[in-house]
Amino acid sequence: MMENQGNAIIEIQNVSKVYRSRGALFGVRAKDVVALRQVSLKIYKGEIFGLVGESGSGKTTVGRLIVGLEEITSGEIFLDQENVTGLKGKALKAFRRKVQMIFQDPYQSLNPQRSVLDTVSEPLSIHRVGRSADRKEMAHKVLKSVGLSPPEAFFYRYPHRLSGGQRQRVAIARAMVLNPEFVIADEPTSMLDASISAQIFNILLKMRSTFHVTQMFITHSLAAARYLCDRIAVIYRGQVMEVGSGETIIRNPRHPYTQALIDALPKFKGSGEIKQYGTLLIEEREVNGEPMGCPFYPRCTVAEIRCEREIPGLRMLEEGHYVACFNV
Amino acid sequence: MALLEVEDLCIDYKTKNGYLKAVDGVSFSLERGASLGFVGESGCGKTTIGMGLMGMLPPNGVVRRGRILFEGEDLLRVSAEEMRRVRWRKIAMIFQAAMNALNPVQRVGEQVAEAMLVHNPSLGKEKALKAVEELFELVGLQTDRIRDYPHQYSGGMKQRAIIAMSLACRPSLIIADEPTTALDVIVQDQILAEIRALQKEFNIGIIFISHDISIVADMCHDIGIMYAGQLVEYGPREDVFDSPAHPYTRALLSSFPTLTGKRTDLVPIAGETPDLVHPPEGCRFYDRCQEQIPACREKVSRWVAISPGHKALCCRCEMDGR
Amino acid sequence: MAEETFRTETKGMERYPGLTAFLEGWGIFRQSLLGKIGLVLLIMFALMALCSYIPPLIDPMYNPMTGVDPVITCSTGPSRAHWLGTDFMGRDILSQLLAGARVAFMVGVSAAFMSIVLGTAIGMTAGYMGRFMDTFLMRLADMIMVMPTLLVVLILAAVFGQLNIWTIVLIIALFRWPGVSRIIRGQTLSLKQRPFIEAAKVAGASHVRIIFRHIMPNVLPLAFLFMTFRVTSAIIIEAALAFLGFGDPGTVSWGMMLQWVWKTGHMFKAPYWLLPPGICISLITLSFYMLGRAMDEVLDPRLRKEDQTD
Ligand SMILES: Nc1ncnc2c1ncn2[C@@H]1O[C@H](COP(=O)(O)OP(=O)(O)O)[C@@H](O)[C@H]1O
Ligand SMILES: Nc1ncnc2c1ncn2[C@@H]1O[C@H](COP(=O)(O)OP(=O)(O)O)[C@@H](O)[C@H]1O
Ligand code: SF4
Ligand SMILES: [Mg+2]
Ligand SMILES: [Mg+2]
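Quick note, the sequences are listed as chains A, B and C, same order.
The first sequence begins at 17 in the working numbering and counts up one residue at a time.
The second sequence begins at 8 in the working numbering and counts up one residue at a time.
The third sequence begins at 41 in the working numbering and counts up one residue at a time.
Hints listed in this document are in silico derivations from the structure and should not be mistaken for laboratory results.
The beta carbon of each residue, even a glycine, is placed where N, CA and C say it ideally should be.
Each hint should be verified, as a subset may be incorrect.
[Said to hold, decoys possible] Covered stretches of chain C (chain A as the covering partner; in silico rule of three or more C-beta atoms under 8 Å from a C-beta of chain A):
#1 217-224
#2 307-318
[Unchecked claim] Below are the SDA-like pairs computed for lysine to any residue, each with C-alpha atoms no more than 25 Å apart in a straight line:
#3 K232/C to A24/A
#4 K160/A to V229/A
#5 K283/A to N110/B
#6 K222/A to Q297/B
#7 K241/C to Y172/A
#8 K241/C to E197/A
#9 K222/A to G268/B
#10 K241/C to H143/A
#11 K241/C to F94/A
#12 K303/C to K106/A
#13 K152/A to P257/C
#14 K132/B to V112/B
#15 K106/A to A310/C
#16 K232/C to F111/A
#17 K241/C to S32/A
#18 K157/A to G244/C
#19 K109/A to E27/A
#20 K160/A to D272/B
#21 K291/A to V112/B
#22 K303/C to V80/C
#23 K104/A to T116/C
#24 K269/B to G62/A
#25 K106/A to A24/A
#26 K157/A to V229/A
#27 K283/A to S261/B
#28 K241/C to K283/A
#29 K232/C to R36/A
#30 K132/B to N110/B
#31 K283/A to K132/B
#32 K283/A to V112/B
#33 K152/A to F252/C
#34 K157/A to R173/A
#35 K309/C to R151/A
Using the sequences provided together with the hints, build the complete structure.
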């Protein structure tokens, strides 16, 4: 496991998530989906932690498990050393003051029938923070900090009168208004244009520097993760493949999958700087029976025999750099 | 003679607020077997250009003026019948999110064959299916998946099938509108490699549309940067990338996170794109431009040659050039 | 951005979001011919209902129920004292017609309102709670839905004797909620999956809060739309009941008037008596229907006419 530093704000231990298929319609039972398998991560106070992977790799599931939108199948989650797995009632409500989430699609994550002020001040009224005037004041402050100014001009607007970037700012404001300790941003820019994305990135950075919010930034783009994150975890088919500092993951990736990811990036400009690794098989390798080994085995050029049978665990290569591969 | 020459193309959409000038005064040319990429934020008119070239504008779209010379023939003057002959046989388009448009209840192979038969009915079903097999091999799909349904395909495979469809009549020009936007990087890389290889093999001209400047730079020799319906910079990729002339291009580049080079601060472009129903008189980027001078707002920008083949539509460049 | 260009500018009205939304909706509504006709007709009927208070003030003989013209003993055609004529015992038809409008509004709107409230509450509960609650409520809805309302009311009337008008309203409401509740349930099911509900959950919102603050505002427009259609059916049911002789004998409704025409054998003899209530029933149901269709357009963005060629 990772080093026992005391300042981990969020720690998830051996978390697995299986989506059970419901309803056996016409007797055909869909297979259960193993979205996460034995995932362990530590997120330290004050950092922005990047979770990178392609679609369907389980990134959103990690976020939803942490905020308790999804029931955990096995494993445990800790917030400030306190077990917060499967909280209910009052404890859950208290937990939600501290942990917030920004959703992927700003066109879906705001209630179309509620104004910006309603949306942003709702968490305050749920947790009975301040009185109505105070709440307005706080909403004003947080809207300003996400760059919606003057805030009064946005108070009574409805989502359909906001652009995508503005909506995502409102969503960020809603997550930040309670002054949480930890915020998960689930691909907050995947629906936005490049120039708007940069605005959102910079707001997230500002949230860290001014409010000292620890963040988990979920993305499919290594470049975005490099820009924002102190540490990056690469996840593939529900398993963590590599964890390390941002520079390590990009300059010195050791896992064949991370290397394949870097190979695949379009890199016209200054392509000399980046090494090509060639660790991706052109055609997938057949796996006999149930897949039970390394998730990357079917595509890996450097696989060994035991890769097919055993799951490689995360091993520490050097301080803070972990890789789940037998061959490193 | 160039394969495609577009001169002063203007396309409007009729809306309830007036005419929306989605494409305004765009000119470019493309040689046989060459590749040209259009980059710009969403809503800048990239798809509209593609649709205009295909003669497939929505009912409220009109070509206000311009010429589209394809193999020496002005596509805006030919009859609808003639256009139908050119479309798909000579110019094919890979639509944005086309992979989601596959008919879910028909086998993929049959859909490709059908697309072929529509344009070449004399072929016969047998032969068409045979040809589909060849196409599948061409785009790197296993031929034993021909009889599968779309839901049995992954996103990348569907996109390959769409590319196979566009290749069915061996066109000399393919317009690819964000062909990899919904795909993961690894699959995207494979598809792009496939397109590059096919382009070389059949000497196809490609117009590649994307909002992602790095992909376009990877794919195309020439790049056109679009902003609010206008082409604002045009030139070989090296020039546009290494010495961007238009402030918008510079802003776009510096708002994009990269993997290489120093980890510099991203500079977002403040503000929003202008209303295209009543576009500004002068430079359309004026409000958001960091390098604006008063002249930008007043007079209509003109094209300025930066270096051979590299030009920009900017007052500032005009001043500096003098 | 795409949506930017289609915004209607309503500067300075930011503070009155309800008003802005209303004006936007009105803009679309106005383009619908059906809606305009429906609205004009409805305003007409509303005026009629308001005017129903006037005749009895002029002269007690214009009281629609009890006022009898002392000099007339059988049904007569239009005259100066009775613009639409009188019924078999000399009551003024115009006054009855006006009173009928009032009753139609009362019955239609209150029955519809009650059934919508019931249907919305049940639909939201079923959709949001899911599982057992959903199954139970929807089975109940199915059972009630397959019962023909008119027949049930007839049976009840036969069992309990004459029904009071409010009882009729209540029965209509109790039997007409399942359709609405199904629609609202479907809407709730899809809303429940939407990220903004999850966002509210993450913020710590309780179920009650989610139902009332987040789901209800999104289903209410639909519920109101259905209300207009329900008004139509409530008016028709009441008219049919009255015509068949099971109405409230103490109330003058259009159905009641038709029944009197029928019972006294004036069906083919007194068009001045038969036609007005008949036409009014058709027109008022039609107008609510047209209004509903136009509101449907306002609410459903997919139906919005894209600004194509004129
Ligand atoms: N509610 C669900 N029911 C069943 N399977 C699900 C559900 N949500 C996600 N999955 C599956 O779990 C896997 C991980 O999904 P997700 O966490 O959304 O991935 P990502 O966010 O990385 O794209 C995918 O294979 C997806 O199909
Ligand atoms: N059918 C249409 N009717 C009216 N406006 C349209 C239509 N299609 C596109 N537009 C507008 O034209 C502009 C260009 O659109 P488009 O070519 O789709 O841009 P891109 O492909 O670069 O995102 C946008 O402002 C868009 O809102
Ligand atoms: S464990 Fe084996 S299969 Fe997996 S990445 Fe390493 S070498 Fe490849
Ligand atoms: Mg996701
Ligand atoms: Mg487009």
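| query | Regarding the pair K241/C and F94/A, is the alpha-carbon distance no greater than 25 Å? | reply | Holds, at roughly 20 Å.
| Agreement of K132/B and V112/B with the hint, judged by alpha carbon distance not exceeding 25 Å | Distance of about 19 Å is within 25 Å: holds.
| Distance restraint between K152/A and P257/C, which requires alpha-carbon spacing of 25 Å or less | The hint holds at about 22 Å.
| query | Between K132/B and N110/B, is the straight-line Cα distance small enough, at 25 Å or below? | reply | holds, 19 Å
| task | Take a quick look at whether K106/A and A24/A sit within 25 Å of each other, Cα to Cα. | result | With a Cα-Cα distance of about 24 Å, the restraint between K106/A and A24/A holds, given a limit of 25 Å.
| With a Cβ-Cβ cutoff of 8 Å, does the region 217-224 of chain C contain at least three residues near chain A? | Since three or more residues must qualify, the claim that chain A covers the region 217-224 of chain C is violated, with 0 doing so at under 8 Å.
| query | When you check the alpha-carbon spacing of K157/A and V229/A, does it fall within 25 Å? | reply | Satisfied, since the Cα-Cα distance of roughly 16 Å is no more than 25 Å.
| Straight-line Cα separation of K232/C and A24/A no greater than 25 Å? | violated, 34 Å
| Holds or violated: are the alpha carbons of K106/A and A310/C at most 25 Å from each other? | It is violated: about 73 Å lies between the C-alpha atoms, which goes past 25 Å.
| field | Pair hint outcome, K283/A versus N110/B [Cα-Cα no greater than 25 Å] | value | violated, 35 Å
| said: With the threshold set at 25 Å, check whether the alpha-carbon distance from K232/C to F111/A stays at or below it. | reply: Between K232/C and F111/A the Cα gap is close to 22 Å, so the pair holds against 25 Å.
| Is the straight-line distance between the alpha-carbon of K222/A and that of Q297/B 25 Å or less? | This hinted pair holds, its Cα atoms lying about 22 Å apart.
Figure legend: structure checked against the earlier numbered hints; hints not met, in rising order: 1, 2, 3, 5, 12, 15, 21, 22, 23, 28, 31, 32 and 35.
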